[in-house]
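Using the sequences and the hints, build the whole thing.
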Amino acid sequence: MPNSQQANDVANYAAAVRSALASLPEAERASLLEDLENHLAEVAGESDLSLQERLGQPEDYAAELRSAYSSGRNTPNVKRRWPTRERSWALVKAAFGTQVYSELRALLPELLPGWWVLRAYLVVLVLAFMFRGDRNLRPIPNPFSSAGLLQILATLIAIFISVRLGRRGMPANRGWRGAALAVNVAVAVLALPVLVSMGTAGSYAYLDAGTSDPYFPSVSAGYYPGLTNIYPYSKEGKALNDVLLYDQNGRPLIADRGDVVTDVPTGADGLPIPNAYPLKQRDSSGLPVLPPRVALPPWPTGTPAASPTPTPKP
Amino acid sequence: MQQTGGYPIDTSQLLKGVLDLAVLAVLADHDSYGYDVLRRLRDSGLDGVGDASVYGTLRRLYQAGSLNSYVVPSEEGPHRKYYGLNDRGRSALDQSTKTWGSFTRALDHLLNGRSSANAK
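Chains as they are written, first to last, in the numbering used here: chain A, 1 to 314; chain B, 1 to 120.
No lab work stands behind these hints: they were computed from the structure. All figures in this text were calculated on a predicted structure; none of them were measured in a lab. There could be a bad hint or two in this list.
Listed next, the in silico DSS-like pairs over lysine-lysine satisfying Cα-Cα at most 30 Å (straight line) [said to hold, decoys possible]:
#1 B:Lys16 x B:Lys81
#2 A:Lys280 x A:Lys238
#3 A:Lys235 x B:Lys98
#4 A:Lys280 x A:Lys235
#5 A:Lys93 x B:Lys81
#6 A:Lys280 x B:Lys16
#7 B:Lys16 x B:Lys98
If you want it as structure tokens, here you go:
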């Protein structure tokens, strides 16, 4: 067979194989058929017979290709729910080969000092969680409480130590390096539940896992950071007791307990009632916290506000 | 696909299961391109192996990260894509060799046990 005719034969056969595999995902098809023409040209060069005579129908060739490519052991046409091990490897390989990955990798050494600071913070946070119990743990401890101040100081010292350790670099000994890595991972893993228990709403929401109703999400809203109590009054100026307050989502409204001790009443079901206001509180020396003086607004006279909501007429 | 109830072994089915191993073994010898792999497989006695199967297997093993690949220009014919084993390919070959060894030992044991039982 003359060369030009052979080239024609190869092109036609390859085109037929390509179209027979049209249902494969594009990337897969491109990767499978990348070298097809060259390969077929090699086969064609071996003899004067046409490709069809040597390899059979292009459709059969395509089916065999597909079967061998999609693993050789499994039926080719079935879409599996999970990628095969080979494909997963290919995915991992592709992910690691990307520009984004190499850029991220180059960025890692610059991010290391950030981790040194973060891990110190997390270590102290975990320790505070373990020793103080889980009451009122906040992202940034209250510097006006002794425990909070201690936590901040401990964090600063821990950051100092952690950065010094980090700058020294990884130990040369393999065993020690593994141990160092394990400690870092352990810090990250231990800190996770603590961070989760803090809630995600930042300083505008406070967690009081010790007293909040277990039936409700543990976080309640407070519009005023530092709000420790609420004193409701009736329209007539009478101080009300045990008023149950809820936020717009129906969650009990829980005030920031701060450094005062709160006596939370317990319901008939044995569960604490954390949102009955005003809260009965004592300060750190055990004295009851007295309600503040309030200036009640004068209501306009002559308005029908005293009657219940007027019912709309049909 | 047809069930091969009591029929003699279909070698193409056997080949399907061990083609990866065979291709890896051929490449462990030295790097090679698709058509050459096919030729060497056939020369070593696996003459039922199909061209498309070998080509597809090479592409898959390459995609799976078990093979390196590079193109060598050829003077008279088309460029040739050579494949060779990398570390992962070599460990896959080792692994599969062990599996194949224990598989054939088990089957040999079965067959020998049967033939000696028949001899009694």
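Hint check results:
Taken as a hint, the Lys16 (chain B) and Lys81 (chain B) pair is honoured in the structure, with Cα atoms around 23 Å apart against an allowance of 30 Å. This hinted pair checks out: Lys280 (chain A) and Lys238 (chain A) have alpha carbons roughly 17 Å apart, not beyond 30 Å. With a C-alpha separation of about 87 Å, the suggested pair Lys235 (chain A) and Lys98 (chain B) falls outside the 30 Å cut-off, and the hint is violated. Distance hint between Lys280 (chain A) and Lys235 (chain A) is fulfilled; the C-alpha atoms sit about 22 Å from each other, no more than 30 Å.
Distance check on the hinted pair: Lys93 (chain A) and Lys81 (chain B) sit about 20 Å apart at the alpha-carbon level, within 30 Å; holds. Distance hint between Lys280 (chain A) and Lys16 (chain B) is unfulfilled; the C-alpha atoms sit about 79 Å from each other, more than 30 Å. A threshold of 30 Å between alpha carbons decides the hint, and for Lys16 (chain B) with Lys98 (chain B) the separation of about 18 Å falls inside it, so the pair holds.
The structure fails to meet hints 3, 6 from the earlier list, while all remaining hints are met.
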